[in-house]
Amino acid sequence: MTGPSSGEALAKPAASGLGRVLDHRVLLSIAVLAILPWLLPSKALAVNVLIYGVVVMGYNLLFGYTGLLSFGQAAFFGAGAYFTGIAIGRYGVPWFAAVALAVLLSTCLAALIGVISTRTRGIYFSMVTLALAQLVYYVALQAASITGGENGLRGFTVDRVSLFGLQVNFLDPVNKYYVLMAFAALALWFQSRILNSPFGAVIEAIRENEQRARACGYDVERSKLVVFMLSGAISSLGGCMLALHLSIVPLDILHYQTSGMIVMMVLLGGARSFFGPFVGAASFLILEDVISLWTPHWQIFVGAIFVLFVLFLPKGIWGTLLDGFGIGKARP
Amino acid sequence: MDLSLIIMQLLSGIALGAVLVITALGLTIVFGMLGVVNFAHGALFMIGAYAGLYLASLTGSFWWGLLLAPILIGVFGMLIEFVLIRRLYGRSIDDPLLLTFGLSYILVEGVRIVFGSDGIPFPTPPQLIGVLDLGIGFFPRYRLFVIVLVAVVLLVLWLTLEKTRVGLIVRAGARDPTIMQVLGVDIGRVWLAIFGLGVGLAALGGVLAGPMRSVNPEMGSLVLAEAFVVTVIGGLGSIVGAVVAGLMVGISISMVALFAPEMATIVMFALMAVVLLIRPQGLFGVRGRTA
Chain Z
2 MTGPSSGEAL
12 AKPAASGLGR
22 VLDHRVLLSI
32 AVLAILPWLL
42 PSKALAVNVL
52 IYGVVVMGYN
62 LLFGYTGLLS
72 FGQAAFFGAG
82 AYFTGIAIGR
92 YGVPWFAAVA
102 LAVLLSTCLA
112 ALIGVISTRT
122 RGIYFSMVTL
132 ALAQLVYYVA
142 LQAASITGGE
152 NGLRGFTVDR
162 VSLFGLQVNF
172 LDPVNKYYVL
182 MAFAALALWF
192 QSRILNSPFG
202 AVIEAIRENE
212 QRARACGYDV
222 ERSKLVVFML
232 SGAISSLGGC
242 MLALHLSIVP
252 LDILHYQTSG
262 MIVMMVLLGG
272 ARSFFGPFVG
282 AASFLILEDV
292 ISLWTPHWQI
302 FVGAIFVLFV
312 LFLPKGIWGT
322 LLDGFGIGKA
332 RP
Chain U
3 MDLSLIIMQL
13 LSGIALGAVL
23 VITALGLTIV
33 FGMLGVVNFA
43 HGALFMIGAY
53 AGLYLASLTG
63 SFWWGLLLAP
73 ILIGVFGMLI
83 EFVLIRRLYG
93 RSIDDPLLLT
103 FGLSYILVEG
113 VRIVFGSDGI
123 PFPTPPQLIG
133 VLDLGIGFFP
143 RYRLFVIVLV
153 AVVLLVLWLT
163 LEKTRVGLIV
173 RAGARDPTIM
183 QVLGVDIGRV
193 WLAIFGLGVG
203 LAALGGVLAG
213 PMRSVNPEMG
223 SLVLAEAFVV
233 TVIGGLGSIV
243 GAVVAGLMVG
253 ISISMVALFA
263 PEMATIVMFA
273 LMAVVLLIRP
283 QGLFGVRGRT
293 A
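Protein sequence lines, in the order shown, are assigned to chains Z and U. As numbered in this note's numbering, residues 2 to 333 make up the first sequence, in order. As numbered in this note's numbering, residues 3 to 293 make up the second sequence, in order.
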C-alpha cells in the first residue's frame, strides 16, 4: 500500500464519441432483445435466452464486475421461481405482486447467504457459496409438502395477464415474450444504474484491488454484501420469469449444475461486459440445441468447449469482440 | 434408545467420516501445495468407484480393484495436470477452478457413455461380508475395515510428509516454490506428483465408498459438496483440519440420522455455517489467505 490514494483507480475514463454511444447501452440492448425472436430459429429459444440472460446478468454483477466467483447463483434463480409459483398457486397472489414478492424474499435469502459467504475470500468463497446453495437444494427437496420435492412445483398456470386494464393472452408465445422482455428491460436499466453509480465504481475497485479499496476508506465487506444481494435480486427475477413461462418449477433449477451452467454462460459470453450475459446465454442454449440433435451426450461437448474457452478465450465471445473493436479496454 | 445403539451409530459415523477424510484430504493437499481447487474432484471420486468395480470384476478380486484403481486414476490425474492445469499457473486463481469444472462435465458424461446412466451395485468383498461382535453390539465388518484402512493411509501419509526427504521438499515447495527451484529442485515434478496423489486419494475414497453407496455417474456431485464442506470447516490446505472436520461431519450426519433422519443431509451445511460465523478461515485454516 503506497500512501493515500489519488483515486485514479476508481475514475471512469472520459466519454469519447464511442463512449457516448455506449451511454445508451440499455436502449441498444433492449433493441436487440426486441428483434431477438426473429433472429433465432424459435420463439421458445428466444424466451429461454431472455430468462437465462437476466439470470446471468445478475450473476455477472457479482463475478464480472466485483470479481467474486460464486458457485451458488442457482439458489436465487430457484428461489425466484419457487416463491413466484408458491405465491400464485398456494396463496392466489396476483401474478405481478407474486413477482415483486418473490424478488423481495429472494433478496432476503441472498442477504442470509451473503452474510456468511462474504466473510470468506477467493476460492473459499466459491466453495462456501456452492455448499450453501446445495443446502437450499436439500431444503427444497425435504420440504416436499410446499415445494413438491423431487417432482417440482406444479399447480399454478398464468394464462391471462392484465396490463393496465388490457387483457393479454399469455399463452401466445409472442405476447409472452414481450411481457417477459419488459422484466428484462427493467433489469437492464437497473443494472446500468448500479454500474454508473458511485457504488458501481466501488465494486470495480474491489475487483481490481481489494486492499486498496479498503485503504481508500470504502467498506469492502458491506459493499460485497450489498452487491451479493443485488445480484441475487436480479437473478431471482429471471427465476420469476421462468416460473411464469413454464408454469412448473423443476427441482433441478436449484442444483449446483445450474450454478455451473450460469458460470459457463457468463464465461462464454464474456464477463465484465454489459451485453455479454445475453450473448453467453444464447450461445450456450443454441449449442445445447444443436448438439443434442445428434447426440444425447451433449454435455461432453459443452464441457470440452468450456475448457477450451477457459484456456484460450477467457474473455468470452462478446468480450473478445469488444476488445477487437477497442471498446472493451476503454470501458469494461 | 439404548447406549449400544448410539455407540454403533457413532462407529458408523466414523466409517462415513473416514471416507470423507480421504476424499477431502486429496482436495486440501492439492490446494495447499498448488493453490488449485479441483472442481473435478467429485467426478474423479466417481470414476475411482467405477474403476474399482471394473478392475475387481476383471481380476475377480476386490483387493486388486482397491489397489489398482487409485494408482491408475492417480496417473490419469497426473496426465490432467500435465496437459491442462499446468498451462494455468500464474493466471487468475479462478481459472483452474473453472477449467476443472468443465472437465467434470466431460468425465461424468464420458462415464455415462461407457457404463450407462443407471446405478450399478458394488458387491462387498466376501471376506468382509457380515457383522462383527464388538461385545456391545454387532458392527458391519466392511465399515470396520474402512476405518482401519483409512487410519493406516493417514499414518503413512503423515510419516512421509513429516519424516522423509520427499516430504521435506514438498512442504518447502508449498511455502516457497522459487527458492526450491533455485536450490535445484524441479518443482514442476513435485506439483505433478502432488496432483496425482490428490486424485489418487479421491479415487481411493470412491472405491471405499462403493459398497456403502450405490455407484452411479451422479455420485460425485454430492461428494464434491461434502468434500468442500469438510475442507471449509477444517481450513483449506490443512491436513489436520481435513481429518478432524471429516470425522466431525461423518459423526454429525449419522447421529442426526438417528434422531431426525430428514435433517441428516442438511446438518453438515449448518455445521459449516456456524464454523464460518465464528472462524471464517476454518478450524485449522491460516488467516489471511482465505478469510
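Careful, some of the hints might be misleading.
Taking lysine to any residue pairs in the SDA-like style, the calculated list, with each CA pair at most 25 Å apart, reads [as the list claims (entries may be wrong)]:
id	chain 1	residue 1	chain 2	residue 2
1	Z	316	U	94
2	U	165	U	288
3	Z	44	Z	211
4	Z	316	U	97
5	Z	316	U	165
6	Z	316	Z	211
On the chain Z side, residues computed to face chain U include the following (Cβ under 7 Å) [as the list claims (entries may be wrong)]:
id	residue
7	120
8	247
9	248
10	249
11	252
Hints are computed from structural coordinates only; laboratory data are not their basis. Predicted model only: the values in this text are computed from it and were never measured. Think of the CB as a built atom: it goes at the ideal place given N, C-alpha and C, for glycine as much as any other residue.
The hints, checked one at a time:
no.: 1; hint: 316/Z <-> 94/U; verdict: holds (13 Å)
no.: 2; hint: 165/U <-> 288/U; verdict: holds (23 Å)
no.: 3; hint: 44/Z <-> 211/Z; verdict: violated (43 Å)
no.: 4; hint: 316/Z <-> 97/U; verdict: holds (12 Å)
no.: 5; hint: 316/Z <-> 165/U; verdict: violated (45 Å)
no.: 6; hint: 316/Z <-> 211/Z; verdict: holds (21 Å)
no.: 7; hint: 120; verdict: holds (4 Å)
no.: 8; hint: 247; verdict: violated (23 Å)
no.: 9; hint: 248; verdict: violated (27 Å)
no.: 10; hint: 249; verdict: violated (22 Å)
no.: 11; hint: 252; verdict: violated (14 Å)
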